[in-house]
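Now for the letters of each chain:
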Amino acid sequence: MKTNKSFEMIELDVSSLPAPEPMTKIIQSLALLTKQQFLQVHHRREPFPLYEKLVAVGWQHYCQRQTAESFIIYIYQAPLHQHVMSLTASN
Amino acid sequence: MNMSGMSFSALPPIDIPFRFFVTAIAFMMALAGFVFWSGESLWLSRWHPSMLALTHGFTLGFITPVMMGALLQMLPVVAGVGLNNVQSIGRYCYPVHFIGTGLLMWGFVATDPIQYSIKIMALMCLGLSFFYYIFSVVRVLFQYFSQQFRKNIVCQNPTIVIIGYSVLALLITVILGIFIQVQSVGFVLLPTLYADKSLTNIHALLGVVGWMSLLILAVSLQVIPMFHVAPSFPKFSAKLIPVILLFTLMNMIIFPHLTQTLLNVLLLMLLLFNFVLLSVISQRKRKIPDMSINAWRFAAYSLFAIVVLYFLPESWFFEIFIAKKSLLLSAAFIYFYLLTIILGMLFKILPFLSYTHLQQRCLTNFDAMKFLPNMNDLLNKKAAKVLFYCHIFTGGSLMLTVLSPQCYWFFSGLLMVEFSLFFTVILKTCLVYRRSLLNIKQVEGAVVDISAV
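Residue numbers (this note's numbering), protein chains in the order written: chain A, 1 to 91; chain B, 92 to 544.
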């Protein structure tokens, strides 16, 4: 896990983990986030079941497809929405 | 690609797929009793009424419901789309399917005065449950493809496309099955083009290759990379092979006199896919001992043996093998190929489903994570190992019984042992799930309601 202080972004790479470990890691990371931080997850696939639950408990998410086997998913609280959008636009 | 605006259907309640799984396993225990009750005569011919009942017991009583249940969970996980009438499927489609299967088996072995009525009832039950299920899946696939089309996205997910192919094959299989049964009670619905047993052969091939093997192929594209950190399947195996399989099957319907030639194409395509499967498995990153991987490998090697035996000249074999070749290879395909893969998939799917459902609850309360069981608690590795070897022995006893029908009691006994063990395993998964759910709900401070499982 790597921290980028300027963006308060926590990077998490779960792309080499077998199911269901990616979701476990993501939930563990979410549990440690402060209100100023958001999660950038590197995944091999889109974690569709996670999206639905994230929305249900008030988290937001944004997914960027890099290749057929590489996705970057941002998970954040509503106040950080603009911040994440500007970051993804610059990428 | 922003997916935030997309609506995702919820994972279906865990009890719905588990209903299909548990009842399918219980059905196999009943089938063991049927084998014992039928005795030696069942094994005389492929066309013996009891053999037809047994074949449909395996395919409609076990393989199909397991796949129907798995598909309900697969669509939301793979494509983010789920059936919105999943409760109705669990409430109506599930019991009617098993009642219809039981009635169909009874209809095969029943004698004249009541046979007609039983078959009609069976057809009504199976027809209703299948058409309702197929309509539900097709509707959700249609929604998925329309959504992709509106966004000008070419479907990147071959699994969804192949699921569509297999559901189409299922639809045709069911329609042909209904035609065959209606013809068996005296009505002629199809032209003489489908004389003799060619319609039955096409029905069987569409079911076994089109519905079952294609769906297994679709699921394997997801399950192997996902659970074993293996690379994705090459494009030709994920896109071209399924198209060839479907195209060949469709040609079989149009040109029934070419069935034998087209069967060769089907077998070679399945063999090719299994070579790719073995190659993908060998490239997985986590090379730890795993019964699921053993099952995939065993199934692939079995298919290789079946295809070799099929193509070798008959003069190379003993007379007893030649006489029973068709029955023997069909039984081997169902037991050693299809059932082994399903067993291997269930070794992963059962604990994964339970774990995922529990894990999602932890998003509302991170403290509940300490109550999550590990995957081994949900499906014990030793039990999976015993079950896998028991499955191989049972399959061996099936081969022995086909060649030497007086051994039917041996197969019946082993079938009962295998599926009783499987029943115990799945029951333990349910119990661990319930216990963990209870603990998690206590942390949540909610009213405990575990009646769903």
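Everything labelled a hint here was simulated from the structure, so no lab data went into it.
Note that the structure is a prediction, hence the values are computed from the model and not measured.
The reader is advised that the hints may include incorrect statements.
Calculated lysine-lysine pairs in the DSS-like style (CA-CA distance at most 30 Å, straight line) [to be verified]: (1) B:378 <-> B:476; (2) B:415 <-> B:288; (3) B:415 <-> B:472; (4) B:376 <-> A:35; (5) B:415 <-> A:35; (6) B:288 <-> A:25; (7) A:25 <-> B:415; (8) B:376 <-> A:25; (9) A:25 <-> B:461.
Can the restraint linking residue 415 of chain B and residue 472 of chain B be considered satisfied, given a maximum Cα separation of 30 Å? violated, 37 Å
Is the straight-line distance between the alpha-carbon of residue 376 of chain B and that of residue 35 of chain A 30 Å or less? Judged against 30 Å, a Cα distance of about 36 Å means the pair is violated.
Hey, residue 415 of chain B versus residue 35 of chain A, does the alpha-carbon distance stay inside 30 Å? Given that 30 Å is the threshold and the Cα spacing comes to 70 Å, the pair is violated.
Holds or violated: residue 288 of chain B with residue 25 of chain A, Cα cutoff 30 Å? violated, 56 Å
Holds or violated: residue 415 of chain B with residue 288 of chain B, Cα cutoff 30 Å? Since the Cα atoms of residue 415 of chain B and residue 288 of chain B sit roughly 17 Å apart, the hinted pair holds (cutoff 30 Å).
Is the hinted pair residue 25 of chain A and residue 461 of chain B satisfied, with a Cα-Cα distance of at most 30 Å? holds, 13 Å
Satisfaction of hint between residue 25 of chain A and residue 376 of chain B, Cα-Cα up to 30 Å: Satisfied, since the Cα-Cα distance of roughly 19 Å is no more than 30 Å.
Between the alpha carbons of residue 378 of chain B and residue 476 of chain B, is the straight-line distance 30 Å or under? holds, 17 Å
Measure nothing beyond the straight line between the CA atoms of residue 25 of chain A and residue 415 of chain B; if it is 30 Å or shorter, mark the hint as holding. Since the Cα atoms of residue 25 of chain A and residue 415 of chain B sit roughly 54 Å apart, the hinted pair is violated (cutoff 30 Å).
In this structure, the hints that do not hold are numbers 3, 4, 5, 6, 7, in rising order.
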